[in-house]
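Protein chains: 2
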Amino acid sequence: MKIVVDAMGGDLAPLEVVLGAVDALEKDKEVCVVLVGDEDKIKSILATEKYDEKRLEIVDAKDVITNDDSPTMAIKTKKESSLVKAFDYLCANDDAEGFVSAGSTGAVLVGAFMKVGRIKGVSRPALAPILPTAKGNGVVLCDCGANVDCKAVNLLHFALMGKAYATAMLGVENPRVALLSNGVEDHKGNELCHEAFELLKAEKSLNFVGNCEARDILTGDYDLIVCDGFNGNIALKSAEGAATTIIGELKKGIMGGGLRAKIGGLLLKPTLKGVMKRMDYNAHGGACFLGVNKVVVKSHGASKKKSICASILQAKSLAVHKTPENIRQAISSQKENEAVSE
Amino acid sequence: MKIVVDAMGGDLAPLEVVLGAVDALEKDKEVCVVLVGDEDKIKSILATEKYDEKRLEIVDAKDVITNDDSPTMAIKTKKESSLVKAFDYLCANDDAEGFVSAGSTGAVLVGAFMKVGRIKGVSRPALAPILPTAKGNGVVLCDCGANVDCKAVNLLHFALMGKAYATAMLGVENPRVALLSNGVEDHKGNELCHEAFELLKAEKSLNFVGNCEARDILTGDYDLIVCDGFNGNIALKSAEGAATTIIGELKKGIMGGGLRAKIGGLLLKPTLKGVMKRMDYNAHGGACFLGVNKVVVKSHGASKKKSICASILQAKSLAVHKTPENIRQAISSQKENEAVSE
Numbered sequence: 021m022k023i024v025v026d027a028m029g030g031d032l033a034p035l036e037v038v039l040g041a042v043d044a045l046e047k048d049k050e051v052c053v054v055l056v057g058d059e060d061k062i063k064s065i066l067a068t069e070k071y072d073e074k075r076l077e078i079v080d081a082k083d084v085i086t087n088d089d090s091p092t093m094a095i096k097t098k099k100e101s102s103l104v105k106a107f108d109y110l111c112a113n114d115d116a117e118g119f120v121s122a123g124s125t126g127a128v129l130v131g132a133f134m135k136v137g138r139i140k141g142v143s144r145p146a147l148a149p150i151l152p153t154a155k156g157n158g159v160v161l162c163d164c165g166a167n168v169d170c171k172a173v174n175l176l177h178f179a180l181m182g183k184a185y186a187t188a189m190l191g192v193e194n195p196r197v198a199l200l201s202n203g204v205e206d207h208k209g210n211e212l213c214h215e216a217f218e219l220l221k222a223e224k225s226l227n228f229v230g231n232c233e234a235r236d237i238l239t240g241d242y243d244l245i246v247c248d249g250f251n252g253n254i255a256l257k258s259a260e261g262a263a264t265t266i267i268g269e270l271k272k273g274i275m276g277g278g279l280r281a282k283i284g285g286l287l288l289k290p291t292l293k294g295v296m297k298r299m300d301y302n303a304h305g306g307a308c309f310l311g312v313n314k315v316v317v318k319s320h321g322a323s324k325k326k327s328i329c330a331s332i333l334q335a336k337s338l339a340v341h342k343t344p345e346n347i348r349q350a351i352s353s354q355k356e357n358e359a360v361s362e
Numbered sequence: 021m022k023i024v025v026d027a028m029g030g031d032l033a034p035l036e037v038v039l040g041a042v043d044a045l046e047k048d049k050e051v052c053v054v055l056v057g058d059e060d061k062i063k064s065i066l067a068t069e070k071y072d073e074k075r076l077e078i079v080d081a082k083d084v085i086t087n088d089d090s091p092t093m094a095i096k097t098k099k100e101s102s103l104v105k106a107f108d109y110l111c112a113n114d115d116a117e118g119f120v121s122a123g124s125t126g127a128v129l130v131g132a133f134m135k136v137g138r139i140k141g142v143s144r145p146a147l148a149p150i151l152p153t154a155k156g157n158g159v160v161l162c163d164c165g166a167n168v169d170c171k172a173v174n175l176l177h178f179a180l181m182g183k184a185y186a187t188a189m190l191g192v193e194n195p196r197v198a199l200l201s202n203g204v205e206d207h208k209g210n211e212l213c214h215e216a217f218e219l220l221k222a223e224k225s226l227n228f229v230g231n232c233e234a235r236d237i238l239t240g241d242y243d244l245i246v247c248d249g250f251n252g253n254i255a256l257k258s259a260e261g262a263a264t265t266i267i268g269e270l271k272k273g274i275m276g277g278g279l280r281a282k283i284g285g286l287l288l289k290p291t292l293k294g295v296m297k298r299m300d301y302n303a304h305g306g307a308c309f310l311g312v313n314k315v316v317v318k319s320h321g322a323s324k325k326k327s328i329c330a331s332i333l334q335a336k337s338l339a340v341h342k343t344p345e346n347i348r349q350a351i352s353s354q355k356e357n358e359a360v361s362e
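Residue numbers (the working numbering), protein chains in the order written: chain A, 21 to 362; chain B, 21 to 362.
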């Protein structure tokens, strides 16, 4: 199975992207990688690496889309960019079933939408990361930023798509689905929440467990948390900011806290590193753009080879699970049931 | 100056509330406290305490409003509750200029709205906590939960009210005001953000610095962050959840990490405690309910005497700064300017 990789996307591209692809080839012998980007640069990185050459293909692309480009304009006009050529390859080849980029989020979403296309029936594709939890399982947050203004039906679709995603990636049969709100009680929430709550409750294919507070996103008590993209972004970034601040304060406390604190800090260094590693959701792959016809994974902009490798394996796993097809079926069943009940 | 205190509100009332009031009397000789609640219980706690009796008054109230009560119904019908009688005292006495309760948030907001009344011109009162930041200054978040569905003009009023609040509590002349959004660029945000952005930019009395990402709430680069109450709740709770998870994971790592980690943890205990104390926004007082005619401070439900004492001193400080009057003036100037420009 071929995974197409935008070799020039991301702050550390192409070096870390190419190395990540090499690692993925090593870790999973079923994976084939198509690296799209500046052929000379890619080849010079590969020159010192050992890998199975039969499973690696290079597609030359001389142009690059950056964060400064307007996403829609860039996808339309930068035909020779690694991102556009990668999408073109994905669409033109049936055996290419997954896509990974660490490039501009906006351009990846626009490209996926325009080139790969929306699954029939899906009202809005959505971006869904998997966050680590205190219980060691993961939790899918959907949408985390693709759709800033949503209607209730969009949130219902996020739940159906997120369910297919959580089933594939977390290995849970019937994911516990919660709606992000300002309290756990059924009556809590803004207007959008109230409407979405009723739709989610009525959808029999979902294991809807009710509202969830932002405080409990990381407890591990939910497998999938549904929200509009604006709130998802706020929840995700606020958690990131708090984690960064706490770790920063701890470091300040250790450095400025005298000999006792310094020795304590030294002894605890591996523990601290372990915690940061466990809680770093970027290390475990990327966010999946759910609701388009093929698997599209957006890896973090600062991705190192480990994240790129994880994103490639994640894309492969989602393709093996036929997640886009499962989403198509879930949405179409929901629409049929809706039609029957009307 | 009298501060009226709901002695029965909060998980640890009346004990911690009464002890907090005693501490406040000790810390600030200008403060007088009116404790409203079960007189026998209050007196039995006071029996072993030393305090200036001339500055402490008790108003007997036999009933209590709990978190299980419907806020509106409780304020309307529980006339003998400590909360309602405290509000009645506040409204009936000109020298009572501030109010503190650690009771049901809903009931405190409804009570303040119905009894104390909205300042003329304010479209929606809002709840505003002060969060600690990495730079050691504080940042006001407004609204953090009183209004789940907002219009742009509400956010403009949150900014004007929050400015008066930040000036009084943070001691900054011209607070840096930011709008919570899903990115720092001017074009980021949902529909509400876009509209609010234009209003905030056009309001000359504000030092509006643009959009702020949730990741940067705690950096200390802003003095006031404006958002609707739903997003404010998400941002606040998500940060709390992440902090709790990180600290929990660290504890797990220390306990399960062998001798080295255990010794490290022991040595670092004071540092860790210091960090948690610095980052615990509940320890520094309560959230102010801005936009009503007198100073109303909602202390955290789990408030211990230290938080209650801080909330009482905070209420006094806001009254000294004439924050309700400053809010009235800010809103009325904005309306006049609006009328002129139309």
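Accuracy of the hints is not assured; some may be wrong.
A pair counts as met if it fits within one copy or between any two copies, since identical chains are not told apart.
Straight-line distance between alpha carbons at most 27 angstroms, and here's what the computed BS3-like set of lysine-lysine pairs gives [unchecked claim]:
#, residue 1, residue 2
1, Lys63, Lys289
2, Lys171, Lys61
3, Lys49, Lys271
4, Lys47, Lys293
5, Lys63, Lys355
6, Lys208, Lys98
7, Lys74, Lys293
8, Lys82, Lys135
9, Lys99, Lys271
10, Lys282, Lys342
11, Lys155, Lys293
12, Lys47, Lys272
13, Lys171, Lys325
14, Lys224, Lys324
15, Lys208, Lys135
I should point out that these hints are in silico values taken from the structure, not numbers from a laboratory. Predicted model only: the values in this text are computed from it and were never measured.
Exercise for review: Would you pick out the hints that fail for this structure and give their numbers low to high?
Suggested key: 1, 2, 3, 5, 7, 9, 10, 12, 13 and 14
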